[in-house]
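A.B. asks: With these hints in hand, go ahead and build the complete structure from the sequences.
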Amino acid sequence: MEFNVNHPILFLIVGIIILFVLAQSVFFLVKALKRAKKIGMDTKKLRRIIISASIFTIAPAVAIVVSVIALSKDLGIALPWLRLSVVGSMSYETIAATNALSGMGLEFGKVANLTATQFVTIAFVMTISIMVGIWLVPVLCKKMKTGLVNMKKKDAKWLDIFQSAMFIGMISAFVGFVFCDFSGVFKGETSGLIPVFVMAVSAITMVLAGALMKITKARWINDYALPISLIVGMASAIPITSLLG
Amino acid sequence: MKNNKTYMDNVYSWGNKWNIFMMIVLLAFPILASLIFKAVPDWNGLIKGLIATAPMYWAVGVVEVITYIPMLGAGGSYLSFVTGNISNLKLPCALGALEQAGVSADSEEGEVVSTIAIAVSSIVTTVIIIIGVLLIIPLQPILQSKVLEPAFNQILPALFGGLGVVFISKNWKIAIAPIILMLALFIFTGLGSGDVGIMVPVGVLFTIAISRIMYKKGWL
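Top to bottom, those sequences are chains A and B.
Position 14, counted from 1, in the first sequence is what numbering that gives the first Met the number 0 calls 13; the numbers after and before it change by one each time, with no gaps.
Position 81, counted from 1, in the second sequence is what numbering that gives the first Met the number 0 calls 80; the numbers after and before it change by one each time, with no gaps.
Treat the hints loosely; a few may be bogus.
[Unchecked claim] Just some of the chain B residues that point at chain A, by a computed CB distance under 7 Å:
1) Tyr6
2) Asn18
3) Ser33
4) Leu34
5) Lys47
6) Pro54
7) Trp57
8) Asp105
9) Ala174
10) Ile175
11) Leu182
These aren't lab readings, by the way, just hints derived from the structure by calculation.
Built from N, CA and C at the ideal position, the CB exists for glycine as well.
C.D. replies: Rendered as structure tokens:
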């Protein structure tokens with residue numbers, strides 16, 4: 000069979016794998032919903048969570064499609080579709096593909112038509128490199144969750160603080176990340192301010208949504224506040240970039 | 000025989016089976032491509048590529064698993080480490096859902112809510128990527144247009160602005176020190192956008208340490 004990076008058989012294999020990924024998500028969704036009903040959780044609240052999570056996901060998911068398009072120039076569509084639907088991300092996959100090609104004496108972005116050997120080599124490097132989390136979660140998950148349960152038995156208040164500290168630690172790293180190009184401001188470059196202003200717009204939107212909810216007592220605002228702040232923040236990036244970029 | 004398994008026991012059992020199965024399924028892609036096109040990998044390139052890539056990814060992967068499991072919950076972890084995009088999508092989605100439901104991450108309600116949010120997010124993401132792949136030719140000029148490019152470049156600041164204000168305002172006492180540390184590190188030490196993955200566990204460990212000290216001193 001003559002190879003090309005967009006051969007229909009590659010799409011067929013990826014399509015089947017993606018179906019398994021969907022099946023796992025549907026399986027856990029159904030089991031969690033059944034459990035939620037069994038422990039008496041409010042069905043309306045669950046429905047609102049599902050709608051809110053769906054809306055929140057749309058913009059980042061569209062950004063992933065943009066990444067698939069970007070990688071497809073070199074790798075075809077099937078492999079980036081698989082890699083970005085399962086575990087991967089734009090930066091991880093680009094680095095893996097670059098290293099694999101470099102190992103074969105080639106340069107990413109400068110190979111006109113990949114051969115089957117090059118394609119398979121890249122696919123192996125990407126797959127083997129990225130799958131540590133898939134097998135490590137089964138190894139560690141129960142032990143770690145049991146440790147948390149024991150921590151709760153010993154000191155429930157500390158576990159509360161511990162969980163909040165984990166969330167805050169993660170969020171503070173991303174707040175720092177937003178300022179990663181800020182030092183350019185000291186040299187008169189304003190582009191480093193773009194993510195800072197975008198974050199500020201998103202934060203202000205969230206505060207306004209909270210205030211509006213308190214004034215109007217409309218609880219639905221709380222359900223959509225996070226997706227709204229995400230969309231408003233992203234939209235604000237367009238004029239902010241044209242001003243500061 | 001009566002089944003004495005708890006919901007959590009079942010989650011571990013389902014998750015272990017699913018993830019091992021998914022690992023085999025994922026490896027099937029390069030193996031099948033190799034067999035169908037009768038192409039043996041370039042062993043030299045494969046080994047060099049793996050040496051350059053795998054140790055870094057495995058180290059980051061181990062740190063991510065240890066850092067994210069307590070935040071994602073069990074069901075959410077099994078799903079997230081298969082579907083990926085954890086820090087930029089699945090975890091914020093789960094945090095938003097926990098906040099919306101008003102439940103704690105360590106409760107059974109929290110486990111269920113974060114699993115539902117992450118499962119829904121995974122399904123929506125997968126479906127949107129399928130639509131994107133099917134419509135790649137008409138969508139390409141729109142999604143790669145210069146007008147929309149800044150919006151897609153600024154997803155993380157837009158995401159963590161809204162999420163940050165909620166969590167920081169609720170936990171401002173423990174947020175001050177890590178935010179100052181991270182701002183100092185990212186502004187003055189030359190850390191770049193690619194370093195955020197490794198700075199997440201640093202931020203988490205630092206915040207836990209500071210919180211422990213404050214808790215012991217009775218400040219929290």
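A.B. asks: If a hint holds in the structure, say so; if it doesn't, say that too.
C.D. replies: Verification of the supplied hints:
1. Tyr6: Status holds, d = 5 Å.
2. Asn18: Holds: closest Cβ of chain A sits about 5 Å from Asn18 of chain B, inside 7 Å.
3. Ser33: Where the cut-off is 7 Å and the nearest Cβ of chain A is about 5 Å from Ser33 of chain B, the hint holds.
4. Leu34: violated (10 Å)
5. Lys47: holds (3 Å)
6. Pro54: violated (9 Å)
7. Trp57: holds (5 Å)
8. Asp105: Check passed: Cβ of Asp105 of chain B comes within 6 Å of chain A, closer than 7 Å.
9. Ala174: This interface hint holds because 5 Å falls under the 7 Å limit.
10. Ile175: violated (10 Å)
11. Leu182: The hint holds - Leu182 of chain B has a Cβ within 7 Å of chain A, the shortest such distance being about 6 Å.
Checked against the numbered hints given earlier, this structure breaks hints 4, 6, 10; the rest are met.
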